[in-house]
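Visitor: Residue numbers (the UniProt record's numbering), protein chains in the order written: chain A, 1 to 199; chain B, 1 to 199.
Hints in this document: simulated from the structure, not taken from any laboratory.
Keep in mind that a hint or two might mislead.
Since the list gives no way to pick out one identical chain from another, each pair is judged satisfied if it fits inside one copy or across any two copies.
Here are the simulated EDC-like pairs of lysine to aspartate or glutamate, each with C-alpha atoms no more than 20 Å apart in a straight line [to be verified]:
#	residue 1	residue 2
1	K53	D12
2	K173	E149
3	K136	D191
In this text the structure is predicted, and so the values were computed from the model without any measurement.
Number of protein chains: 2
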Amino acid sequence: MTMSKRDTYTPDSLLAVAVRVFNERGYDGTSMEHLSRAAGISKSSIYHHVRGKEELLNRAVGRALDGLFGILDEPGAVDGRAVRRLEYVTRRTTEVLMAELPYVTLLLRVRGNTTTERWAMERRREFDQRVAELLKAAVADGDLRADVEVRLATRLLFGMINSIVEWYRPDTKGALDREQVADAVVRLAFDGLRTQAGA
Amino acid sequence: MTMSKRDTYTPDSLLAVAVRVFNERGYDGTSMEHLSRAAGISKSSIYHHVRGKEELLNRAVGRALDGLFGILDEPGAVDGRAVRRLEYVTRRTTEVLMAELPYVTLLLRVRGNTTTERWAMERRREFDQRVAELLKAAVADGDLRADVEVRLATRLLFGMINSIVEWYRPDTKGALDREQVADAVVRLAFDGLRTQAGA
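Working from the sequences, and respecting the hints, build out all of it.
Guide: Encoded structure:
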């Protein structure tokens, strides 16, 4: 109890602490006791903010999902040729992942043991499905190669984007800036590593 | 003790059981008791085969690393233009990942709490470094684009390849075959999703 400080948390700042602990220990491995220690306030103070850890998980993955689904309503994702829209969604997904790094990291690690986790996985699949449809439309337009199965191409595309959570650390000295990373993802995904000369 | 069966394990078959448990529970979360239950033999029978769980981890990640480093000595990785060698290594890395799926999965999840884990991470970095050098040579030859930083390109390339462990399940009905996946990785990595018409 000596460690307890005055509870000056807002919903957002408490969420940020919880997400850090979830990412470090895993959601299953995190108890209210761990959250209380990391926040430096008592468990009953935390219960003053939320009903329990699942509510914190719900808010955290909800924030990541809102960021991702928001992209699909932006003009760049709605208007124009499918290939341009897919390019836009690829860039923005990469940007949102970096901007909301701890929240998207948590979303990608969710495994499906609770209602909230299963809901989050279902929403992730929905997002992937929306992107797969865009990819399919661009193949039908003749703008994207037809010799890679759509589901496989979508998986490899998200595999590349999502892997950024493993190494991107915005606060590290000499860290790449977001635009540089997003440019690289779009270039590799759409045009590949090769130059014309290397073909 | 009623569950114990006669110990007919070979080093390889016992390793396969251990790797499955490590991947399910995490290495840190696995005790000798868990291994004993999963194998259906007593702990002392396991100690007859190995000194402890770290030796099993060492053999498992060693098998994955032998598979990966073996690629770099194959003629396709040694002879010819850098871009062709990189293409070869990309294809073979994807194939080895699928052929040695549980072992490579474990290698990719290792986090560095023990000597063996730190050694495995160091060897992984060495492998990535060897591939990065190949990429750099191909850029110098003018065969690969110079507008994506080598370290970033290497990370995104491995991000795409390594993400396969998240979804590839060889025994699933209708599973993609290895060649189809390896072809897709090479096409996307080197030439991207776009057709000439879509440019």
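Visitor: Against the structure shown, which of the earlier numbered hints fail to hold, in ascending order?
Guide: Violated: none.
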